[in-house]
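Chemist: As a plain string of letters, each chain reads:
There are 2 protein chains.
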Amino acid sequence: MTAAPARLATYRALARQLRVDSIRCSTAAGSGHPTSSLSAADLMAVLLAGHLRYDFARPDHPANDHLIFSKGHASPLVYAMFRAAGAIDDAELMTYRRKGSRLEGHPSPVLPWVDVATGALGQGFPIAVGIAWAGKRVLDAPYHVWALLGDSETAEGSVWEAFDRAGYERLANLTAIVDVNRLGQRGPTELEWDTDAYAQRIEAFGWEVLAIDGHDLDAIDEALASAREADRPMAIVARTLKGKGVSLVEDREGWHGKALKPDEAEKALDELGREPSRTFEVAKPPEWSRPSFARRTFEPPAIGEAAATRKGYGEGLAALGRARQDVVVLDAEVSNSTHSEDFKKEFPERFFECYIAEQQMVAAAVGMQVVGLTPFASTFAAFLTRAYDFIRMAAVSRADIRLSGSHAGVSIGEDGPSQMALEDLAMMRAVHGSTVLYPCDAGQTAKLVAEMADRRGIVYIRTTREKTPVIYHAKETFAIGGSKVVRGGGSDDKVAVVAAGITVHEAIKAAEELAKGGIKVRVIDAYTVKPIDAAALAGAAKATGGRFVVVEDHWAEGGLGDAVLAALAEAGVRDVRYRHLAVREMPASGKPAELLHAAGISARHIVDAARDLLP
Amino acid sequence: MTAAPARLATYRALARQLRVDSIRCSTAAGSGHPTSSLSAADLMAVLLAGHLRYDFARPDHPANDHLIFSKGHASPLVYAMFRAAGAIDDAELMTYRRKGSRLEGHPSPVLPWVDVATGALGQGFPIAVGIAWAGKRVLDAPYHVWALLGDSETAEGSVWEAFDRAGYERLANLTAIVDVNRLGQRGPTELEWDTDAYAQRIEAFGWEVLAIDGHDLDAIDEALASAREADRPMAIVARTLKGKGVSLVEDREGWHGKALKPDEAEKALDELGREPSRTFEVAKPPEWSRPSFARRTFEPPAIGEAAATRKGYGEGLAALGRARQDVVVLDAEVSNSTHSEDFKKEFPERFFECYIAEQQMVAAAVGMQVVGLTPFASTFAAFLTRAYDFIRMAAVSRADIRLSGSHAGVSIGEDGPSQMALEDLAMMRAVHGSTVLYPCDAGQTAKLVAEMADRRGIVYIRTTREKTPVIYHAKETFAIGGSKVVRGGGSDDKVAVVAAGITVHEAIKAAEELAKGGIKVRVIDAYTVKPIDAAALAGAAKATGGRFVVVEDHWAEGGLGDAVLAALAEAGVRDVRYRHLAVREMPASGKPAELLHAAGISARHIVDAARDLLP
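As given, the protein sequences belong to chains F and B, one line each in that order.
Just so you know, the working numbering puts 530 at position 530 of the first sequence, and the rest follows in order with no gaps.
Just so you know, the working numbering puts 349 at position 349 of the second sequence, and the rest follows in order with no gaps.
No lab work stands behind these hints: they were computed from the structure.
Certain hints may be false.
Since the list gives no way to pick one copy over another, a pair counts as held whenever it fits inside one copy or between any two copies.
PhoX-like cross-link-like pairs, simulated, lysine-lysine; straight-line CA separation at most 25 Å [to be verified]: (1) K520 - K509; (2) K258 - K467; (3) K484 - K261; (4) K509 - K261.
Only a predicted model underlies this, so the values are computations on that prediction, with no experimental measurement involved.
Just need the whole structure built from these sequences, with the hints factored in.
Modeler: Laid out in structure tokens, this is it:
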């Protein structure tokens with residue numbers, strides 16, 4: 001089957017224009033990746049003019065296809081597409097990479113037609129998997145998801161997590177277009193033009209694969225048509241030339257991430273042919289609305305006796321699932337440990353098993369919030385470190401996702417340091433706009449889960465493996481940003497102990513011990529580590545003359561202690577007397593209580609530190 | 001070919017003992033993963049008694065094979081192997097998971113026969129690739145590397161990065177043994193017993209694959225023999241039963257990570273047969289010594305004019321390469337940006353291209369230090385977030401590795417936030433025992449590179465994209481843990497500005513501006529962010545009455561500001577007046593100077609903040 005001549009002529013004209021505009025905007029900017037744009041221009045021209053269904057006037061149309069530039073450095077190309085679709089005008093195109101422009105060096109959702117930020121390779125594609133998965137499983141949506149990948153980025157393991165997930169779930173609404181232009185940043189890629197090797201690998205992960213010449217408009221047209229019709233995900237492995245169409249740079253090394261100089265660009269435009277850029281028609285999506293998600297009041301679970309906060313998380317999630325149909329839950333094959341299984345048992349259709357692929361899990365969560373769902377993703381807190389690049393980029397994507405990390409700190413006991421999160425508070429505090437929660441009581445945890453649902457940005461909750469006593473009344477409420485004074489609170493408190501999670505219980509024991517000696521201690525449950533309750537800290541400073549013990553089951557750097565000091569300094573509280581109890585030596589295995597003690601963060605150490613601070 | 005009956009009998013006896021001891025030690029501990037140990041007991045019995053060449057009395061023997069339990073939760077099995085090899089006695093075996101025992105919940109190098117810590121899945125295997133790569137490329141070593149993988153962990157993308165790397169490099173000295181026991185933590189794995197699917201995938205990545213019955217001792221024997229002889233890496237995909245040999249748990253769900261109760265264990269031992277555990281013979285490695293690496297004095301490169309610190313890193317590395325033959329360099333396909341290419345050009349044989357696979361890069365570095373090399377690994381600092389779990393675990397492994405992250409902060413300019421590291425200082429500070437360096441001058445950077453070589457633990461250096469002025473004399477020296485006063489220094493300084501990297505230059509401009517108004521400012525170049533120079537900070541506090549401006553091209557959390565406050569608090573410095581200039585809004589694209597200004601961390605903002613603090 002060959003495309004009609006008129007159709008082909010349109011593709012050809014659009015491809016030419018995409019090349020020209022990619023060069024024009026990057027040359028004007030003086031930087032960018034024109035050659036990586038040129039290799040994929042034919043692929044994207046055929047997609048835009050022949051297969052994409054997208055209403056650029058209504059970027060929030062729920063039936064719009066999704067186009068994810070996983071190779072985000074080809075931003076000149078995607079912006080040229082927006083210009084060709086009439087979404088932006090030529091003047092805006094020429095603001096590329098300038099201060100104040102929406103056209104950033106790599107695409108980000110400051111543009112309404114961009115779902116997520118890309119530019120860290122190997123991320124857009126796993127996010128596309130999440131969008132497709134939600135479309136198939138939860139929404140029954142008519143949209144198709146198209147991901148443009150670079151060949152270099154297939155070196156990222158996350159790409160294979162994505163191929164695996166989509167292949168296993170038979171996400172027929174997903175197409176991966178791999179631009180095999182043979183050249184990476186500093187020279188040839190590993191597989192160069194061995195499209196058979198790509199095909200063999202991708203097929204082995206359960207995909208249908210078509211290997212084509214990525215500059216043959218007819219072949220592209222046919223491939224994209226069959227991709228939409230396929231009954232499983234399809235990859236189009238397209239052999240291309242980097243810099244295609246401009247002899248100065250075509251298939252040449254040394255031209256990655258480099259704009260043509262103005263005189264070079266002029267010659268390139270001569271070569272490509274000069275015609276004024278124009279608007280091309282793009283097919284509209286069908287009329288379709290997302291299912292409306294019922295909501296009712298959240299009823300917190302009743303947790304009467306000692307329970308682990310991770311169990312509170314699970315029960316809170318299940319209760320939230322009852323209250324809100326937009327809530328979806330992902331887990332990395334440890335749902336019986338994180339207790340997200342409590343949700344899964346009630347709402348299996350809204351539970352997404354990601355197996356042990358934390359990067360794909362976070363990416364899928366990002367994808368699901370693109371299409372209006374409210375995702376919660378959980379694993380051991382230690383293993384969220386695996387997905388830190390994805391979490392960082394989720395913030396650049398302005399994504400609203402909720403992460404739960406269980407098994408925090410040395411208090412997990414016998415499993416040893418590989419399973420102990422001791423850096424997660426630091427990692428999560430240093431995410432732009434993040435919220436970091438660390439409750440100490442299972443009922444409190446369940447209530448905070450409900451608060452997380454409407455919180456913008458990256459919201460993290462840290463939970464504990466061990467059972468902890470119930471310290472809050474069933475009617476107590478917890479706002480994000482708040483804290484609770486759980487012992488003391490009078491103006492005659494001598495020392496403030498700031499704790500969170502497991503150490504709150506140690507602090508209470510310490511306060512009771514000190515009370516026997518007539519020493520009044522204010523114990524603050526800093527269940528919001530970020531934004532920390534600065535007012536409560538300032539109040540405690542006033543009462544105690546600035547005497548603080550901070551105790552945390554975390555390395556000394558970047559966690560609760562740093563948060564407290566920063567808040568006090570920011571609030572202008574001077575004259576602080578400070579003792580910081582944190583984990584400072586590599587832990588080993590042992591019983592939880594033994595390890596808390598060995599790390600110097602048990603009640604005994606709090607008592608000593610508080611005494612040490614007394615006037 | 002069938003193994004001789006005596007050989008088979010030995011295997012059988014050893015396999016039985018490994019099963020028994022796996023159960024005994026985990027039941028005594030009351031926790032652990034006996035069923036994951038039982039599935040691989042036959043594989044490991046044949047390996048230990050028939051194929052491994054390892055002198056357990058000389059764990060530092062350079063020709064010893066390397067055995068990496070990538071499925072680290074099967075620790076009862078590896079400890080039972082050590083007991084069978086006579087490396088530990090029965091009494092020690094029974095201390096498993098107790099406080100003070102070397103036999104931690106997951107293996108770690110507190111035991112001399114363990115190369116690296118495992119327990120975070122998908123890490124041991126990529127590290128094994130590093131050991132094999134060094135053995136082939138640098139050492140020409142006779143050792144063979146055996147990695148035992150679980151089937152669940154093949155969901156981790158890092159495992160495919162490792163298959164890719166080893167396949168591409170044809171590491172014939174590496175064997176992956178995949179224990180396909182069908183059951184993950186909370187139920188069946190994705191591929192269950194589809195060993196064909198495993199084989200197809202692994203073959204597509206350039207490996208030879210043998211699929212066998214993992215309980216057929218003869219088949220295992222033959223597979224391991226051919227693995228050592230293969231001319232490329234071989235994977236043995238072994239179909240096994242989780243809990244094999246104990247009917248209570250064999251192939252049963254709900255038994256992951258669960259010890260048998262004492263009465264259940266008694267029945268299991270009855271079923272397996274009761275014989276006293278004994279010592280088995282293990283083949284010794286051939287006599288062989290590592291090549292000795294020549295060393296001469298490090299001659300720092302002459303850097304006369306403005307240059308980027310990333311360039312200082314590259315030139316420093318090349319100079320270090322001249323001084324020390326044990327130095328090896330890895331990069332994730334951006335060596336022309338990180339400037340590790342300066343080393344590569346001179347020492348291509350000691351340069352390891354990892355393509356865009358940051359996890360594999362860090363894992364390979366960990367592997368290379370196992371065999372006595374001194375690895376430096378570099379990429380954009382933002383993309384080191386991709387490998388955070390590996391960096392965290394490298395600390396648990398007590399590994400000595402050096403990481404360089406380039407393109408830090410908003411000062412990279414036009415490429416935008418996806419490429420800007422703004423969380424790396426927080427991330428790296430929160431690694432146990434880490435060192436964090438952040439120089440501001442290319443010559444200083446080169447000298448610090450030399451200091452990094454002998455530093456223990458995880459040593460990180462953060463570099464800048466833009467050229468910065470030379471501010472230090474060619475003869476200046478820089479110790480890790482130190483800082484430099486680059487403006488002011490007298491007892492009449494009114495304010496201290498603590499800066500690092502790009503902001504040092506802004507601080508100098510600010511100090512010069514303030515000097516015009518007669519205001520003396522002490523500018524501290526805190527080139528060691530961890531361990532920060534607490535004495536210099538205390539001294540500055542004394543001179544200035546505790547007036548500090550901290551300015552950093554990093555998010556406000558977890559970086560230089562938090563480090564300074566923590567050091568002052570720790571040192572008992574009270575009465576601190578503090579202004580913190582850091583990145584607080586999501587940056588976009590723009591020119592470096594524009595972005596520094598927009599983020600509020602330029603000279604102008606430092607001047608304002610300093611003025612604000614004046615008495």
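Chemist: Now look at each hint and say whether the structure bears it out.
Modeler: The hints, checked one at a time:
no., hint, result
1, K520 - K509, "within (13 Å within a copy, 50 Å between copies)"
2, K258 - K467, "between (57 Å within a copy, 18 Å between copies)"
3, K484 - K261, "neither (61 Å within a copy, 41 Å between copies)"
4, K509 - K261, "neither (70 Å within a copy, 33 Å between copies)"
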